[in-house]
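Enquirer: Here is how the chains run, residue by residue.
Number of protein chains: 2
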Amino acid sequence: MSMNVSGGEVRINQQMVDYAEQLIPALYQEKVYPKHQIEVIQDERAFQGWKTNVLEGFDSLQEKTFGKGDSFILDFGDHQVGYVSISIKSVGSPPDAPLGIKFIFGEMPCEVAEPFEAYNGWLSSSWLQEETRYVDVLPAELHLPRRYSFRYMKVIILDTSRKYTVAFSDIHCTAVTSADVNRLTPLPEGLPEDLQRMDRISVRTLQNCMQTVFEDGPKRDRRLWIGDLRLQALANYYTFHHHDLVKRGLYLFGGMTLNEGQVGACLFEKPSPHVDDTLLYDYSLFFTATLSDYYEATQDMETLRALWPVAWEQLMIALRRLDERHIVRDDPSWWCFIDWQEGLNKQASAQAILLYSLKKGIRLAQALQLSMETELLESQVQSVAEAARKHLWDSSKGYFVSGEDAQVSWASQIWMILAGVWDQTENVKLLERLFADRTAVSLSTPYMYHHLIEALMENGMKDKAIEQMRYFWGGMMEDGADCFWELYNPEDKSFSPYGSNLINSYCHAWSCTPTYFIRKYMV
Amino acid sequence: MSMNVSGGEVRINQQMVDYAEQLIPALYQEKVYPKHQIEVIQDERAFQGWKTNVLEGFDSLQEKTFGKGDSFILDFGDHQVGYVSISIKSVGSPPDAPLGIKFIFGEMPCEVAEPFEAYNGWLSSSWLQEETRYVDVLPAELHLPRRYSFRYMKVIILDTSRKYTVAFSDIHCTAVTSADVNRLTPLPEGLPEDLQRMDRISVRTLQNCMQTVFEDGPKRDRRLWIGDLRLQALANYYTFHHHDLVKRGLYLFGGMTLNEGQVGACLFEKPSPHVDDTLLYDYSLFFTATLSDYYEATQDMETLRALWPVAWEQLMIALRRLDERHIVRDDPSWWCFIDWQEGLNKQASAQAILLYSLKKGIRLAQALQLSMETELLESQVQSVAEAARKHLWDSSKGYFVSGEDAQVSWASQIWMILAGVWDQTENVKLLERLFADRTAVSLSTPYMYHHLIEALMENGMKDKAIEQMRYFWGGMMEDGADCFWELYNPEDKSFSPYGSNLINSYCHAWSCTPTYFIRKYMV
Numbered sequence: 000m001s002m003n004v005s006g007g008e009v010r011i012n013q014q015m016v017d018y019a020e021q022l023i024p025a026l027y028q029e030k031v032y033p034k035h036q037i038e039v040i041q042d043e044r045a046f047q048g049w050k051t052n053v054l055e056g057f058d059s060l061q062e063k064t065f066g067k068g069d070s071f072i073l074d075f076g077d078h079q080v081g082y083v084s085i086s087i088k089s090v091g092s093p094p095d096a097p098l099g100i101k102f103i104f105g106e107m108p109c110e111v112a113e114p115f116e117a118y119n120g121w122l123s124s125s126w127l128q129e130e131t132r133y134v135d136v137l138p139a140e141l142h143l144p145r146r147y148s149f150r151y152m153k154v155i156i157l158d159t160s161r162k163y164t165v166a167f168s169d170i171h172c173t174a175v176t177s178a179d180v181n182r183l184t185p186l187p188e189g190l191p192e193d194l195q196r197m198d199r200i201s202v203r204t205l206q207n208c209m210q211t212v213f214e215d216g217p218k219r220d221r222r223l224w225i226g227d228l229r230l231q232a233l234a235n236y237y238t239f240h241h242h243d244l245v246k247r248g249l250y251l252f253g254g255m256t257l258n259e260g261q262v263g264a265c266l267f268e269k270p271s272p273h274v275d276d277t278l279l280y281d282y283s284l285f286f287t288a289t290l291s292d293y294y295e296a297t298q299d300m301e302t303l304r305a306l307w308p309v310a311w312e313q314l315m316i317a318l319r320r321l322d323e324r325h326i327v328r329d330d331p332s333w334w335c336f337i338d339w340q341e342g343l344n345k346q347a348s349a350q351a352i353l354l355y356s357l358k359k360g361i362r363l364a365q366a367l368q369l370s371m372e373t374e375l376l377e378s379q380v381q382s383v384a385e386a387a388r389k390h391l392w393d394s395s396k397g398y399f400v401s402g403e404d405a406q407v408s409w410a411s412q413i414w415m416i417l418a419g420v421w422d423q424t425e426n427v428k429l430l431e432r433l434f435a436d437r438t439a440v441s442l443s444t445p446y447m448y449h450h451l452i453e454a455l456m457e458n459g460m461k462d463k464a465i466e467q468m469r470y471f472w473g474g475m476m477e478d479g480a481d482c483f484w485e486l487y488n489p490e491d492k493s494f495s496p497y498g499s500n501l502i503n504s505y506c507h508a509w510s511c512t513p514t515y516f517i518r519k520y521m522v
Numbered sequence: 000m001s002m003n004v005s006g007g008e009v010r011i012n013q014q015m016v017d018y019a020e021q022l023i024p025a026l027y028q029e030k031v032y033p034k035h036q037i038e039v040i041q042d043e044r045a046f047q048g049w050k051t052n053v054l055e056g057f058d059s060l061q062e063k064t065f066g067k068g069d070s071f072i073l074d075f076g077d078h079q080v081g082y083v084s085i086s087i088k089s090v091g092s093p094p095d096a097p098l099g100i101k102f103i104f105g106e107m108p109c110e111v112a113e114p115f116e117a118y119n120g121w122l123s124s125s126w127l128q129e130e131t132r133y134v135d136v137l138p139a140e141l142h143l144p145r146r147y148s149f150r151y152m153k154v155i156i157l158d159t160s161r162k163y164t165v166a167f168s169d170i171h172c173t174a175v176t177s178a179d180v181n182r183l184t185p186l187p188e189g190l191p192e193d194l195q196r197m198d199r200i201s202v203r204t205l206q207n208c209m210q211t212v213f214e215d216g217p218k219r220d221r222r223l224w225i226g227d228l229r230l231q232a233l234a235n236y237y238t239f240h241h242h243d244l245v246k247r248g249l250y251l252f253g254g255m256t257l258n259e260g261q262v263g264a265c266l267f268e269k270p271s272p273h274v275d276d277t278l279l280y281d282y283s284l285f286f287t288a289t290l291s292d293y294y295e296a297t298q299d300m301e302t303l304r305a306l307w308p309v310a311w312e313q314l315m316i317a318l319r320r321l322d323e324r325h326i327v328r329d330d331p332s333w334w335c336f337i338d339w340q341e342g343l344n345k346q347a348s349a350q351a352i353l354l355y356s357l358k359k360g361i362r363l364a365q366a367l368q369l370s371m372e373t374e375l376l377e378s379q380v381q382s383v384a385e386a387a388r389k390h391l392w393d394s395s396k397g398y399f400v401s402g403e404d405a406q407v408s409w410a411s412q413i414w415m416i417l418a419g420v421w422d423q424t425e426n427v428k429l430l431e432r433l434f435a436d437r438t439a440v441s442l443s444t445p446y447m448y449h450h451l452i453e454a455l456m457e458n459g460m461k462d463k464a465i466e467q468m469r470y471f472w473g474g475m476m477e478d479g480a481d482c483f484w485e486l487y488n489p490e491d492k493s494f495s496p497y498g499s500n501l502i503n504s505y506c507h508a509w510s511c512t513p514t515y516f517i518r519k520y521m522v
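In order, the protein sequences belong to chains A and B. Each residue of the first sequence is one higher than the one before, starting from 0 at the first, in numbering that gives the first Met the number 0. Each residue of the second sequence is one higher than the one before, starting from 0 at the first, in numbering that gives the first Met the number 0.
These are computed hints drawn from the structure, not numbers from a lab. Hints should not be assumed to be uniformly reliable.
Copies of the same chain look alike in the list, so a pair counts if it fits in one copy or across any two.
Think about it this way: if two alpha-carbon atoms lie no more than 30 Å apart in a straight line, the pair counts; the simulated DSSO-like pairs of lysine-lysine are [what the hints assert, rightly or not]: (1) K463 <-> K396; (2) K428 <-> K153; (3) K269 <-> K63; (4) K153 <-> K101; (5) K101 <-> K396.
One chain only, chain A, in its complex shape (with noise of 0.2 Å):
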């Protein structure tokens, strides 16, 4: 996620902070070769419109040299994220001129096969992972400074002199993640062989996002944000179980907070640990949540103890949003996120976020034995729950609706669900209207199909979340997914709401949740 919100100063508890740092983790690494040269060729029935064809190995590429204007794409096989090294020697006369040789990194065909300069999208060019470099003297090794996600890599050579021409003696990939793969446990054999594809494709993703933090998107953010963070550590729980990681992203957002205390919505690790000005209501209120799943995965009271002001200065601060009728009070800016959908008005999901949060703060409160906390936490979830249902439920139309116009949107719903404001009886009854009648303003990013899953599958409609899975992220998969998405739309699939196809991230943090609802409740 990537969004203007002008933020103020920040609150610091540096002992929070280098405890964080020193719970960076050491990243595994692995040499990755390409597998094959191919080449990229349009196709309108390809998914955005871009086909790849083997044409060789990788290895015959050692015996081609290439001149000026020559150019060569390489499939690593399956999406990596590392370093890259090349090296260079050149063929003919000793080279007179540097040579200029251009490198262009794509998770997606797309990204090879157009150009960069077309780019017209409102996220910075800047992510478009591109290299120029001029070398003086070959043979030469080039280490390219930068991390890379990718799997396909285009190389141009740009220039090198009348005299000479290159070949490639070795160009290979130094993948790393602070994933531990050994950790992940086999699944069972009974299971269908679609959904062992997504699972393997959604721990690939969240491996590929597990860095020195939980990284939003490896390509394109590749920093912490704490909607991510939170549906990473479930995956996490149920496949590396890389503890120490949750923690570091938990100490990191307790340890810098906006001025008024918020969590921040996401923070940067380099050159030092700084969160950003963004300030979304929902993902401040997730802190609580993340310290909650955390802690029933790990019972670690340390932390707990630790981190419980945070979790509750969160809860607090959310709750003066709260208007006379104890509903959260809607706002036209960007304040809370939900959903990239066009159009989604936030109020009513805002109001079940808050309700799902306040009972999380009810565990972490029972678990710390803080009984007034836990009466006065009590006491709030029922007037929220309440409001909701006197003032945000509409019965004639059986939906929660949203906002000044009364939007009804599956967001709402769903997040209502979550919430637990009607019992599974009503839960059940109001997702199968929604499937039914498909007016509701829709959901558009993984994200929001993550909770629609979890939705489905806590009210016992498993099949049905199933279904959804294999809609939704078996439709990235038909359409040549190694990694899960930032953003998909089955029913739109050139999707962007950046302006362009080759900015978005194709492997994204909140795109990695299969493995946790096939390992959760399928096996």
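Given the structure of chain A, go ahead and fit chain B onto it with the hints provided.
Expert: Then chain B, alone, in the frame of chain A:
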């Protein structure tokens, strides 16, 4: 110079090469800051159509911030060769996307004004000095990896993000040279101001070409050509007295010859010393001349003894090209350099250079008291000179003629004069004839102009020599030269033999000799 000549195997004398490598000089470093922020604007009256205007001092840059698409041009006040460091910080929200930034370096305003994309010359475009960086973490200190040769530096912000801009807390160049400026003697006060300036620019040219070898151009080619070395060494004997750098060059050429023993036209230092496969008749012979000049300046008998066999071999190989008339056989290929002048026939010049080099060889043989070799060379001088007078002198025209078409050129006359085919009285008449009629094929490079000036000086025509220096190098000065250029045609100021101004070298070894003439003949 850059040209195609197919080559073959090389002969290595490792001991000589190793000795040359021990002579790699330390480089003096100087931290240089930009002087001004400037604009470059189109102006038909300006040299190459580009005029610079000072906008502000450099210091005020630090107070400015730059976003997507912004750019600025810095003027370092004089020609620099060195490594550039840039300190960048972000302004606004925490940087949520990499900084995309491009640097363009120019010796001349045209390089920072005309788009490199439009370059279509036949030399490699990778000589055009640019660098693009994507910076993931700010603040950052960028140390650009390549050495640049420039006065002007353009900075273009490709992209930041909507949340931040950047500011520059430091930009500087660490200028490098192996020339010790303290060795330079001040000129006497009586010398005309323009010649003092000419000397200063000439010295700067030499200084900026003096790196770990005498490079021919610190921007383009950046290697040791023996044609340039010869002239640099002459200028060096009157300025920086860096004898070891000449010695290093001689040992490199002597230690790595082409397969029949010829000294190559140029050589490279990295990754390890290696000779190019370019072979030029005149350039191989200049090894002998350069060794002779070196011995004369240093009386270094040890080097003379070590390298004499190589010098001797060049003469013997060159003599084998004589036909039965004792005339150097002509050839339509690029077998001999002489000058870039279009259509120039090289035969007569080559004959003269052979004679010139034989005479230099005699001096060396005499110093070594090698009587037999001396005698042999003297007899060859006789027959080569006689053949020139007999077969290449057209007494009706009063000119030396060259090639099948009996071409009359400045180059042929100048070299025959330098070779001493006639005595001074005839030489003066010949020179006066040339200046009077102007029908001869002209001369084009500063390298050829050097030989014209030398011919004038040696034949007592000092005033004409100074007039010509003012016409040629003085013309460059009036056109804004900070260093003297590889190429200059006072009658056609956009001249480039490479198809574009952008690729010309504007600090070029073979243009550095005004200081030699001034300090040898005028003080």
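Enquirer: Are the hints correct? Go through all of them and say.
Expert: Consistency of the hints with the structure:
1. For a Cα distance limit of 30 Å, the shortest separation of K463 from K396 inside one copy, 23 Å, qualifies, whereas the shortest one across copies, 104 Å, does not.
2. Proximity of K428 and K153 under a CA criterion of 30 Å is satisfied in neither setting, with 51 Å inside one chain copy and 65 Å between copies.
3. In the homo-oligomer, the alpha carbons of K269 and K63 lie at most 30 Å apart only across protomers (24 Å), although the nearest pairing inside one protomer, at 41 Å, exceeds that limit.
4. In this assembly of identical chains, K153 and K101 lie within 30 Å of each other by CA distance both inside one copy and across copies; the values are 8 Å within and 21 Å between.
5. Taking the shortest alpha-carbon separations for K101 and K396, neither the intra-copy value of 58 Å nor the inter-copy value of 58 Å comes in at or below 30 Å.
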